[in-house]
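Peer 1: Chains as they are written, first to last, in numbering that gives the first Met the number 0: chain D, 0 to 370; chain A, 0 to 343.
Wrong hints could be hidden among the right ones.
List time: in silico DSSO-like cross-link candidates among lysine-lysine, alpha-carbon distance up to 27 Å [said to hold, decoys possible]:
1. K103(D) with K34(D)
2. K285(D) with K262(D)
3. K34(D) with K216(A)
4. K103(D) with K127(D)
5. K281(D) with K262(D)
6. K216(A) with K127(D)
Beta-carbon label-pair distances, calculated as ranges [what the hints assert, rightly or not]:
7. Y31(A) with D231(D): 53 to 59 Å
8. Y31(A) with K34(D): 37 to 43 Å
9. A254(A) with V204(D): 55 to 61 Å
10. G44(D) with R243(A): 48 to 54 Å
11. L37(D) with R243(A): 32 to 38 Å
12. I39(D) with L59(A): 53 to 59 Å
13. I347(D) with G157(A): 30 to 36 Å
Think of the hints as simulated: they come from the structure by calculation, not from any bench.
Keep in mind the model is a prediction, meaning the values are calculated, not measured.
Note that CB positions come from ideal geometry on N, CA and C, so glycine has one too.
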Amino acid sequence: MSGEDAALRVPASAAETNGTALLEVEHLRVLFPIKQGLLIDRTIGHVHAVDDVSFVLHEGETLGIVGESGCGKTTLIRALVRLTHATAGAIRFRGADITAASQKQLRPVRREMQMVFQDPQASLNPRKRISQILGSPLRLRGVPRAQTEGRARDLLTRVGMYGEHLNRFPHEFSGGQRQRIGIARALAVDPKLILLDEPVSALDVSIQAQVINLLEELQGEFQLSYIFVAHDLSVVRHVSDRIIVMYLGKLMEVSPARELYEKPIHPYTTALLASIPIPDPKENRKRDRPLVGGEPPNPVNPPSGCRFHPRCPRATAICREVEPPLTEYAGGHLAACHHPQNVSAEEIAASRRSAASPLAAGEETPAADPA
Amino acid sequence: MASLRDEAAFDTGITAEILDDTVELPPGVGPYRLAWRRLRRNRVALAFGLIFLLIVVLCLLAPIYSQDIAHISPDYGNPTGTVKVGGKTEDILNAVGIPVGPTWNFTHYFLGADEEGRDVAVRLLYGGRNSLEIGLVATLITMALAIIAGTLAGYLRGITDGIISRVLDIIWAYPAVLLGIVLGTVIEIRGLGPFHSTTLLSTALVVGFVYVPYVAKPIRAQVLALREREFIDAARQLGLSPLRIMTFEILPNLASTIIVFIPLVLANAILNEAALTFLGAGVQPPNASWGTMISDGISTIPEAFHNVLVPGIMLVLTVLSINVFGDGLRDALDPRARIRIGKE
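Construct all of the structure, not just a fragment, from the sequences and the given hints.
Peer 2: Dropping the structure here:
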């Protein structure tokens with residue numbers, strides 16, 4: 000097991016080699032049973048929300064997770080904070096397995112790992128004043144009652160709001176302000192890792208920029224690690240060190256942020272990048288866009304072999320039969336594809352099967368592809 | 000940083016120059032303050048609320064009226080006495096036992112006598128006190144049980160929900176009055192621990208119990224919806240215990256539902272108490288209540304209609320005022336109502 004651990008922690012760049020692993024995820028699966036029956040529920044199938052996902056997050060790193068709606072991004076990070084029960088696999092925080100930890104055992108972990116939610120309106124209790132919303136994490140952390148108000152005031156000021164806002168209710172704020180409050184609540188326990196579940200997708204573009212800048216400032220100030228989930232590729236590119244591309248519960252590509260945009264290996268990533276609109280309509284029309292048609296398949300009955308093959312322009316017979324392993328290319332760039340793009344024959348020859356590959360994946364790494 | 004300030008300024012409607020760290024912002028306007036503002040504009044609801052308050056105060060003053068004005072106790076019958084009506088002297092009970100009608104004289108048999116020669120006005124106030132007391136205690140019992148059952152079932156779901164919901168279904172399957180008669184009669188005959196037929200509390204217990212499902216079910220439904228909201232997830236991932244989440248995160252969000260249900264349950268409890276008592280399964284003589292007064296007066300309906308009419312009118316007035324006020328309260332607390340701030 001330890002040998003495999005070492006293989007999982009692949010040094011990708013100089014920065015990452017120095018960082019120690021903060022969060023390790025191994026072969027994580029989250030399946031939701033579909034039940035039917037009048038009196039006794041029978042499980043007639045499963046929704047494969049997250050299906051055998053492995054990755055490592057290093058200290059101080061920002062890991063972006065992108066993918067279409069319904070690809071399992073949110074389920075993945077909900078499973079990481081144990082809001083959703085993981086069906087199989089392991090989650091390790093600072094080396095300690097928290098996959099099956101009790102609520103009591105989780106308490107110290109929860110102090111270091113916080114989550115910011117997608118909908119800033121729904122994530123704040125409408126019946127509580129901001130002082131109460133920020134007060135309960137502060138008291139959980141052991142701040143004496145007499146000091147909580149002062150600390151809450153500091154937190155609010157830190158996220159760009161006024162101390163006087165403490166006495167207000169969530170409905171009195173705008174979306175951007177509410178998200179700042181959500182971030183302040185996450186910061187209240189002095190965490191090391193913040194999981195951001197589409198933190199800006201409910202906000203106006205101008206406010207998005209403010210919130211993202213705030214997140215970056217906070218990262219420097221408190222040495223935070225982020226897992227940043229989004230479906231907006233340009234936002235993710237701006238904030239991430241590394242990016243994970245997910246499709247139907249599987250990892251398609253894991254890559255250093257810049258390289259993903261310059262040299263996407265997986266056809267799905269290429270299609271995602273092609274869907275980023277360019278503000279100039281002329282430029283936009285000029286683009287040769289390999290758009291992917293159709294909808295993602297039903298996650299109850301995911302396609303055989305490669306999950307992407309029904310929509311993939313490069314799919315061949317092997318894609319239907321064998322699930323591609325995550326193959327590691329130079330620079331810590333991983334992709335799960337039998338027909339990789341943008342890699343030379345030498346790079347393919349130098350590639351190897353990553354230990355992060357799904358358990359059911361084939362052994363064969365791609366051969367040099369004439370296409 | 001300036002841009003952030005602008006955002007804050009935009010929302011509060013105060014220009015950026017005024018906003019300054021030294022300026023104290025007024026405290027936020029909470030949901031209850033907003034509800035009170037809406038309720039204050041609803042004159043009809045307030046008027047009926049006032050009527051209800053008046054009835055309560057009058058009933059609380061029953062001992063004072065009985066001792067200092069009417070000089071007669073509620074249980075004292077004077078079948079052989081006489082009373083002055085408009086200058087003429089009349090028997091309280093005439094030769095065939097028909098009681099005298101209202102004298103409209105505050106000091107003596109203001110609303111006439113009942114068939115045992117007791118002062119109807121005094122009994123009306125004492126009976127009202129008992130009816131309101133039973134209604135209030137029954138409402139407290141209903142709300143307490145319903146909130147606990149509904150919140151547990153809705154939040155914990157699974158087997159807990161299954162058990163609680165089936166028990167509620169069983170209670171619900173019987174009509175409230177029918178179940179009340181059964182329970183009331185059983186307690187009357189056998190007693191239930193400390194509860195005997197003679198205590199008003201046993202009636203309150205019965206009435207309170209039969210209404211639990213009517214409140215617990217909607218609360219359960221609301222908790223089921225609330226627990227899926229993100230702020231509950233936020234509380235869970237902070238590591239708060241289920242008990243803390245139920246009491247400090249969910250309960251405040253149930254408050255407006257609870258407040259709306261209280262007048263509804265109160266009105267129904269008072270009516271149900273009267274119905275049970277009328278049928279002999281509620282308050283037992285010699286205790287007075289509006290129900291016993293109607294029940295006692297029924298034998299003399301043709302000749303002394305006031306015996307039934309007076310407690311009946313009080314009952315209707317009380318329930319009506321509670322309901323109209325409750326309606327106003329619901330409108331004020333309804334989150335879907337348009338929120339208007341600042342305008343009076």
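Peer 1: All hints, please: hold or fail.
Peer 2: Taking the hints in turn, this is what the structure says about them:
1. Simply put, K103(D) and K34(D) have alpha-carbon atoms about 31 Å apart, too far for the 27 Å limit, and the pair is violated.
2. For the given pair, K285(D) sits about 20 Å from K262(D) by alpha-carbon distance, which is consistent with the 27 Å threshold.
3. For a cut-off of 27 Å, the pair hint linking K34(D) to K216(A) stands: about 24 Å separates their Cα positions.
4. Only pairs whose Cα atoms come within 27 Å are accepted, and K103(D) paired with K127(D) is accepted, the gap being roughly 26 Å.
5. With a C-alpha separation of about 24 Å, the suggested pair K281(D) and K262(D) falls inside the 27 Å cut-off, and the hint holds.
6. Under the criterion of a C-alpha separation no larger than 27 Å, the hint pairing K216(A) with K127(D) is consistent with the structure, at around 25 Å.
7. In this structure the supplied range 53 to 59 Å is violated for Y31(A) paired with D231(D), their Cβ-Cβ distance being about 39 Å.
8. Checking the proposed 37 to 43 Å range against Y31(A) and K34(D) shows it holds: the Cβ atoms sit about 41 Å from each other.
9. At about 37 Å, the CB distance of A254(A) to V204(D) disagrees with the hint of 55 to 61 Å.
10. G44(D) and R243(A) have their C-beta atoms about 36 Å apart, which leaves the hinted 48 to 54 Å range violated.
11. Evaluation of the 32 to 38 Å hint for L37(D) and R243(A) yields a pass: the beta carbon distance comes to about 36 Å.
12. In this structure the supplied range 53 to 59 Å holds for I39(D) paired with L59(A), their Cβ-Cβ distance being about 56 Å.
13. Distance hint for I347(D) and G157(A): a CB-CB separation of about 51 Å, inconsistent with the stated range 30 to 36 Å.
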